[in-house]
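Asks: One-letter residues, chain by chain:
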Amino acid sequence: MCTSFMGELMTATHNFGASPIRAATTADTFKAALYLTSATVNASTTAYSSTNEVTGTGYTAGGVTVTNATAPIAANSSATAGVAYWTPSASITYTTVTLSTAFDCVLIYNSTQSNKAVSVHTFGSQTITAGTFTLTMPSNTTSTALLRLSTT
Amino acid sequence: MDDSLLEKKEGVVDNDNENTTWVEYWLEGELVHRSAHVTLKKPTTYLAAEAASIT
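Protein sequences appear in the order of chains F and X.
In case it helps, the working numbering puts the first sequence at residues 83 to 234.
In case it helps, the working numbering puts the second sequence at residues 922 to 976.
One or more of the hints may lead you astray.
Unchecked claim - Here are the computed lysine-lysine pairs in the DSSO-like style, where the Cα-Cα straight-line distance is at most 30 angstroms:
| hint | chain 1 | residue 1 | chain 2 | residue 2 |
| --- | --- | --- | --- | --- |
| 1 | F | K113 | X | K962 |
| 2 | X | K929 | F | K198 |
| 3 | F | K198 | X | K930 |
| 4 | X | K962 | X | K929 |
What the hints contain is simulated information worked out from the structure, not anything from laboratory work.
Being a predicted model, the structure only gives us computed values, none of them experimental.
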């Protein structure tokens, strides 16, 4: 598979079937929603849902907007291998919130395209009391980026 | 409020999936502040299968 193709999948260049109508050529808006430990959010999740999403002071349903200032990158490593990758360009931060019921995962989804799901990331369960919850992103490299399409 | 009345507790969780630090402040046995900072370590990776060769 051509590495450039994997990168272009991340920017909606190719269409093998029916596609959504894109209103703009700019990047979509992605959001990050937190879910309770009781939620079932995994690879089968197709879109954002408020079911079992955290609730609490300072938290708005749907979560926060993901900072996306860096376009996906496609990097070839050999004639048969490569990686396309993307990482939010800033930490995901929920400032001054109280989330009293334990939560343990975040769903990143595309709010421009009908809230369709992108990825789920889990962590040890947390509660927040009049404080800040920060998710720091990994380095945006071929091996550590948050989202990777890889033939290696 | 007299900050000296606050009891501070801190913790770290470090494993293959995450590095998490948290801080709590307690006032007379009541939790009044808790923040957490999670650094994700594991990327979400999709391994693409090679397309069949054209011969």
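Asks: Flag every earlier hint the structure violates by its number, smallest first.
Replies: 2 and 3
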